[in-house]
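Peer 1: Add chains B, C and D to chain A, keeping to what the hints say.
Number of protein chains: 4
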Amino acid sequence: MSLGNKLDVLKEQVFEANLELVRQGLVIYTWGNVSGIERELGLVVIKPSGVDYDSMKKEDMVVLDLEGNVREGKLNPSSDTPTHLALYREYDTIGSVVHTHSAWATSWAQAGKEIPCYGTTHADYFYGDILCTRVLTEDEIGREYELNTGLVIIETLKENNRMPLEMPGIIVSNHGPFGWGSNPDQAVHNARVMEEVAKMAYRTERINGQIGTISQALLDKHYLRKHGSGAYYGQNR
Amino acid sequence: MSLGNKLDVLKEQVFEANLELVRQGLVIYTWGNVSGIERELGLVVIKPSGVDYDSMKKEDMVVLDLEGNVREGKLNPSSDTPTHLALYREYDTIGSVVHTHSAWATSWAQAGKEIPCYGTTHADYFYGDILCTRVLTEDEIGREYELNTGLVIIETLKENNRMPLEMPGIIVSNHGPFGWGSNPDQAVHNARVMEEVAKMAYRTERINGQIGTISQALLDKHYLRKHGSGAYYGQNR
Amino acid sequence: MSLGNKLDVLKEQVFEANLELVRQGLVIYTWGNVSGIERELGLVVIKPSGVDYDSMKKEDMVVLDLEGNVREGKLNPSSDTPTHLALYREYDTIGSVVHTHSAWATSWAQAGKEIPCYGTTHADYFYGDILCTRVLTEDEIGREYELNTGLVIIETLKENNRMPLEMPGIIVSNHGPFGWGSNPDQAVHNARVMEEVAKMAYRTERINGQIGTISQALLDKHYLRKHGSGAYYGQNR
Amino acid sequence: MSLGNKLDVLKEQVFEANLELVRQGLVIYTWGNVSGIERELGLVVIKPSGVDYDSMKKEDMVVLDLEGNVREGKLNPSSDTPTHLALYREYDTIGSVVHTHSAWATSWAQAGKEIPCYGTTHADYFYGDILCTRVLTEDEIGREYELNTGLVIIETLKENNRMPLEMPGIIVSNHGPFGWGSNPDQAVHNARVMEEVAKMAYRTERINGQIGTISQALLDKHYLRKHGSGAYYGQNR
Chain A
1 MSLGNKLDVL KEQVFEANLE LVRQGLVIYT WGNVSGIERE LGLVVIKPSG VDYDSMKKED
61 MVVLDLEGNV REGKLNPSSD TPTHLALYRE YDTIGSVVHT HSAWATSWAQ AGKEIPCYGT
121 THADYFYGDI LCTRVLTEDE IGREYELNTG LVIIETLKEN NRMPLEMPGI IVSNHGPFGW
181 GSNPDQAVHN ARVMEEVAKM AYRTERINGQ IGTISQALLD KHYLRKHGSG AYYGQNR
Chain B
1 MSLGNKLDVL KEQVFEANLE LVRQGLVIYT WGNVSGIERE LGLVVIKPSG VDYDSMKKED
61 MVVLDLEGNV REGKLNPSSD TPTHLALYRE YDTIGSVVHT HSAWATSWAQ AGKEIPCYGT
121 THADYFYGDI LCTRVLTEDE IGREYELNTG LVIIETLKEN NRMPLEMPGI IVSNHGPFGW
181 GSNPDQAVHN ARVMEEVAKM AYRTERINGQ IGTISQALLD KHYLRKHGSG AYYGQNR
Chain C
1 MSLGNKLDVL KEQVFEANLE LVRQGLVIYT WGNVSGIERE LGLVVIKPSG VDYDSMKKED
61 MVVLDLEGNV REGKLNPSSD TPTHLALYRE YDTIGSVVHT HSAWATSWAQ AGKEIPCYGT
121 THADYFYGDI LCTRVLTEDE IGREYELNTG LVIIETLKEN NRMPLEMPGI IVSNHGPFGW
181 GSNPDQAVHN ARVMEEVAKM AYRTERINGQ IGTISQALLD KHYLRKHGSG AYYGQNR
Chain D
1 MSLGNKLDVL KEQVFEANLE LVRQGLVIYT WGNVSGIERE LGLVVIKPSG VDYDSMKKED
61 MVVLDLEGNV REGKLNPSSD TPTHLALYRE YDTIGSVVHT HSAWATSWAQ AGKEIPCYGT
121 THADYFYGDI LCTRVLTEDE IGREYELNTG LVIIETLKEN NRMPLEMPGI IVSNHGPFGW
181 GSNPDQAVHN ARVMEEVAKM AYRTERINGQ IGTISQALLD KHYLRKHGSG AYYGQNR
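As they're listed, the protein sequences go chains A, B, C and D.
For the first sequence, full-length UniProt numbering assigns the number 1 to the initial residue and increments by one for each residue that follows.
For the second sequence, full-length UniProt numbering assigns the number 1 to the initial residue and increments by one for each residue that follows.
For the third sequence, full-length UniProt numbering assigns the number 1 to the initial residue and increments by one for each residue that follows.
For the fourth sequence, full-length UniProt numbering assigns the number 1 to the initial residue and increments by one for each residue that follows.
Worth flagging that the hints you see were computed from the coordinates, not collected in a lab.
Where hints are given, some of them may not hold.
Pairs involving identical chains hold if they fit within one copy or between any two copies, as the list cannot separate such chains.
As the list claims (entries may be wrong) - DSSO-like cross-link-like pairs, simulated, lysine-lysine; straight-line CA separation at most 30 Å:
(1) K221 / K158
(2) K158 / K57
(3) K74 / K6
(4) K57 / K226
(5) K226 / K58
Just chain A, with the same shape it has in the complex:
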């Protein structure tokens, strides 16, 4: 496939992934955005800002380089674009970034709490508690806010020694969830799972306020049976 064709395929994937956010119930109105990157070209495709999902077309996707210069498209890119770009610049394993205000994950973000790993559903996708960033300083909010949102995500992952693909999402204090994956499909999938485990973690704590997280042995078992070199879940053994 030519590089031009690859970019076209990515536009289609990013467009479809944005619509999938709505179908999965993660987004109302225009409250979300998905982007994807074509590493060979160094180009990012992202949803335009504030455009209704009903009328949005594949051609409305905006193409930028990693420094944020618009290379294709007539519309303004998502206002969260600098957050996406920061993640792509830092981690070359990330192929797609997604941001939503999905209600359960956002509630944890607003509460400023990590989502503890209370079960195997969580462990199948996230290798440990889903981290929550610190609150941004007044200065970080005042200048290059969206960039700083990306930087605090990276800071949090690094301080906790997490590789992005083993912890494919995070919640930003006072704000909401960001997720990622190797491609737009995976990124949205991970965002949907984060919402589901956020819901179940909430209820788990209400039922039993004393409960702890699962053992390292069980975390390893579930995460690695799907993701490790010895994975035996699915059809790709």
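Peer 2: For chains B, C and D alone, coordinates are given in the frame of chain A:
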């Protein structure tokens, strides 16, 4: 467009906005109403009282002047009409008013509590906590109850120095939410957002009972990036 | 209309009301039943027991007299039939009875708590707290259980001096909600409203554990503006 | 019907039951599996691992013997297969096994708590509290994890003297629910009911933290009117 045509367009907008309440899950049975005002004519269009959404037609919309005299339409206007009219008389920036019994916002109203601003989703639309009125006195309930509901909303906004379009909704103690906007579309949009942030605020407090509201800096950042003169969200920069 | 035609109309109403339970989300599988009475004939029409809603037909409705003798129909009537009949025998204002296991009202029933009147949504339909029966004795469970369920509903209404149409529903401890109305349409409507106010009362108590019920003045205002002789809600003034 | 035909019918039932999990809202993505057994042939039919429900076909079902040897099918069987087989080997009354991560039941599993029998909805299907297994040891997790999941289910049923068809489901600590029945239809039905009673038990405890489970008399009455030799619910008296 002629004034007659403008009134006709408004009827269509009000009719559609009432149906949108159902589609957005804010209303069951006939539990809601939207109105709009044509300022040049000084006429208000509002949903009729107790008419099923399934059989309601655009022609059923009732037209009144600001004193509540019916000028067009064969049906009784919504019993909440005096509340709507009080808001239009007080604030000429309000172009549409909406009332629902949407479950999350109504639960806060029944609890008699403001909805604290716990996150950026809230700050994108409401410039601070969503206010809750005081309880009406027995006398206010006994005489001109619906008018007094409007007056206590205005009293609450004024005591808290809030302009209506920067705080496009409120909850009335023991009762439920009222919202507004520059047009019917915006008013319903704001009512939907109020319901969503009411839900997330509820969950936020359950997850972390000690959490405070977001900083003034973050509130300013989010509200103003969408609504201030320096707004840079969307396609209208 | 002939009496035979009236019975046929009632069968249609009861059949449709049973399907409406599913559409309103009050029932899964076969967990609900609606009946109606034709007072001139002294005949009750009720859903058959344990028949799938998908395959159920109007002709499957069972006709009984007030003593429970089957007068028409090949299928067994709902196992809750004696509860319905007890209510019809006691109150000649009741034209239809409905029973569901709708999740919110059933949760209150399981908790053995009245649903407090926390707001105007509740007051628009129920003239005060929705009562909760006492637990049945072992003897009442062991002999004529379904009849005794009806008798404890009547006992609870009488002890609290409630007329059935001003309190068109109740919750039975350990079990779930029963509702009623002047016809099947109204009975299902009331059951749907009970579910909604049960949900909002739950959330109200979580938000503010100290909140009390609304004032008598507000209860009177809302109940009577819809139901009293001076009612001014809707189109029938 | 020939044995070959019976196996074909079972494949169809298992396939449909897996799709029903999605329709009943018990499963997102590929998070569930249903199997069924043909006792005369000693063959189990189970869903393949990690295949999208949208593209899955009846022909994709995998056939195994009770020792786990694949006898038909090109795809890998569900990774939970050893759990299903352990249950079939132990209890010859079980005709179908289902596993989901349905949100309410999973929340109880993550909390490590039995689901108490708070009402008649529960008692209609489960003869007492829904049990919760102990946590698996590190050794049990490390070796033959899925088999050990089945063994701890059996251990829990036996220690509590429960026959599987009178307690047609269980929750596995840190993990989620397993259910069963005499056939795939019944097994999914029981899984759906478990989810509903898990939801209502959660809310019951929030409303009244002091509430106890229902009396033995009421449990007997409801369970036995549907399941005992004197059952009088439904059309099969």
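Peer 1: Now, for every hint given, state plainly whether the structure supports it.
Peer 2: Checked hints:
In this homomeric assembly, K221 and K158 come within 30 Å of each other (Cα to Cα) both inside a single copy, at 24 Å, and across copies, at 27 Å. For a Cα distance limit of 30 Å, the shortest separation of K158 from K57 qualifies neither inside one copy, at 37 Å, nor across copies, at 44 Å. In this assembly of identical chains, the alpha carbons of K74 and K6 lie at most 30 Å apart only when taken from the same copy (20 Å versus 33 Å across copies). In this assembly of identical chains, K57 and K226 lie within 30 Å of each other by CA distance solely across copies; the values are 23 Å between and 35 Å within a copy.
Taking the shortest Cα distances, K226 and K58 sit within 30 Å of each other only across copies (25 Å), while inside one copy they are farther apart (33 Å).
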